[in-house]
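Participant: Sequence:
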Amino acid sequence: MAGAQLLEIAALLFAVLAGFLAGGVWIAVSLLAVGWLGMLFVGGIPAGSVLATTVWGNSASWELAALPLFIWMGEILFRTRLSEEMFRGLAPWLGWVPGRLMHVNVIASGLFGSVSGSSAATCATVAKIALPELKRRGYDEKLSLGSLAGAGTLGILIPPSITMVVYAVAANVSIIQVFLAGFIPGLLVMTLYSGYIAIWSIANSAKMPPAEPRMSFGEKLKESTNLIPLALLILLVFGVLLTGWASATECAAWGVLGALAIAWWGGSLNGSAFWQSVMGATRTTCMIMLILAGAAFMKQSMGYTGIPVALANWVDNLELSPYALIAALTVMYIVLGTALDGISMIVLTTAVVLPMVQKAGFDLVWFGIFVVLIVEMAEVSPPVGFNLFVLQTMSGKDSNTVALAALPFFFLLVAAVAIITIFPQLVMWLPKYVFPG
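So for the sequence shown, the numbering used here puts the first residue at 2; every next one is plus one.
One or more of the hints may lead you astray.
[To be verified] Below are the DSSO-like pairs computed for lysine-lysine, each with C-alpha atoms no more than 27 Å apart in a straight line:
#1 K208 - K136
#2 K221 - K136
#3 K398 - K136
[Unchecked claim] Have a look at the derived ranges for each label pair, beta carbon to beta carbon:
#4 L236 - F412: 53 to 61 Å
#5 S217 - V332: 50 to 58 Å
#6 Q277 - S206: 33 to 41 Å
#7 L408 - A262: 45 to 53 Å
Quick caveat, the hints were computed from the structure, so don't treat them as lab data.
From the three backbone atoms N, C-alpha and C, an ideal C-beta is built for every residue, glycine too.
Turn these sequences into a full structure, and let the hints steer you where they fit.
Facilitator: Encoded structure:
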């Protein structure tokens with residue numbers, strides 16, 4: 002099919018998907034239906050066989066094994082006093098910062114993201130702990146949801162990251178260099194998020210809960226002892242990863258073991274709590290895995306139609322300047338992100354996009370971080386932003402409420418892309434410092 006026809010089909014499929022979601026059809030069913038419709042446009046391919054092999058092939062993934070384990074870890078910790086202890090330990094030190102405990106969403110997501118490598122796992126685990134506690138303390142629920150949706154994306158920006166590994170392999174660049182390149186942009190995004198929370202809190206002081214009672218330095222240190230269990234858990238997961246005892250996926254199992262130990266030590270590990278944690282993790286995992294299955298089939302369908310390649314070729318034919326090319330690629334990937342997961346976008350477009358990026362003079366390591374930031378945007382952009390689905394399920398709010406709450410953090414990611422484009426040394430300094438050659 003001609004490129005113009007493919008772009009028309011892409012617009013039609015997007016409209017159908019938006020219609021399904023607006024009509025209240027389950028997200029996974031909507032993705033599967035649109036994928037099936039895309040296969041009909043291709044013709045001559047057994048859609049049923051493709052559906053079966055795609056769903057099984059993408060579900061039986063070693064990397065995805067980390068997802069239910071990290072979710073289970075969050076369920077176990079949710080049933081301990083860890084959430085209360087984490088807030089008690091951090092509250093005295095954040096009392097002077099505008100936004101106070103709302104910054105815990107960003108800090109906890111950054112810490113957890115550095116060991117999970119998954120945006121969905123980071124969002125689900127931190128939300129399971131933070132949402133009830135922030136609501137109990139009277140913080141604005143809309144800002145809580147938005148900050149969790151945005152901060153959850155740190156799971157794929159702060160190394161180690163599965164998305165980074167996929168890009169490095171596809172682009173034939175050093176995985177370690179891409180990992181190193183992600184640290185400073187990760188801190189940049191965390192700073193932007195916390196800055197927005199602080200500004201919002203100053204502008205909406207009436208919506209903030211009363212300040213916590215003031216404490217002496219000694220009292221703050223005493224309260225900080227509540228952070229010891231969390232610190233030990235982070236050290237456990239980091240330790241087994243950095244020493245090479247376990248892969249990123251196996252770290253999830255160590256995290257569950259550590260969470261069970263914390264629950265046992267705190268006296269909250271009993272038969273009822275254990276079973277509730279298992280069932281809670283099962284429900285959340287089934288929801289996420291079903292959506293992933295639908296996204297995988299839709300990705301396969303898009304690959305057969307040739308729509309991603311046609312879109313990339315259309316951008317290439319515009320013969321844009323370097324900065325205009327980055328702006329166009331940003332728009333292209335944001336559009337693709339409304340229908341595809343991040344790894345699918347990378348796999349389907351790198352063959353066409355990378356040559357034009359190199360021709361424009363951009364370093365492929367830098368472009369990897371650019372792509373990861375764009376993937377982060379896709380995680381919080383409607384109609385199929387994955388973090389929005391997770392928070393919609395966990396909070397009970399409708400999709401429009403969660404999407405509107407996440408919108409400011411989407412634009413902060415746009416700002417981060419603009420900053421690293423204007424100042425590429427923010428991305429490249431650390432890789433070049435460690436590997437000067």
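Participant: Work down the list of hints and note, for each, if the structure agrees.
Facilitator: Evaluation of the provided hints:
1. K208 - K136: Distance of about 12 Å is within 27 Å: holds.
2. K221 - K136: Holds: K221 and K136 sit about 23 Å apart, inside 27 Å.
3. K398 - K136: 14 Å, holds
4. L236 - F412: 53 to 61 Å: 35 Å, violated
5. S217 - V332: 50 to 58 Å: 53 Å, holds
6. Q277 - S206: 33 to 41 Å: 38 Å, holds
7. L408 - A262: 45 to 53 Å: 40 Å, violated
The structure fails to meet hints 4, 7 from the earlier list, while all remaining hints are met.
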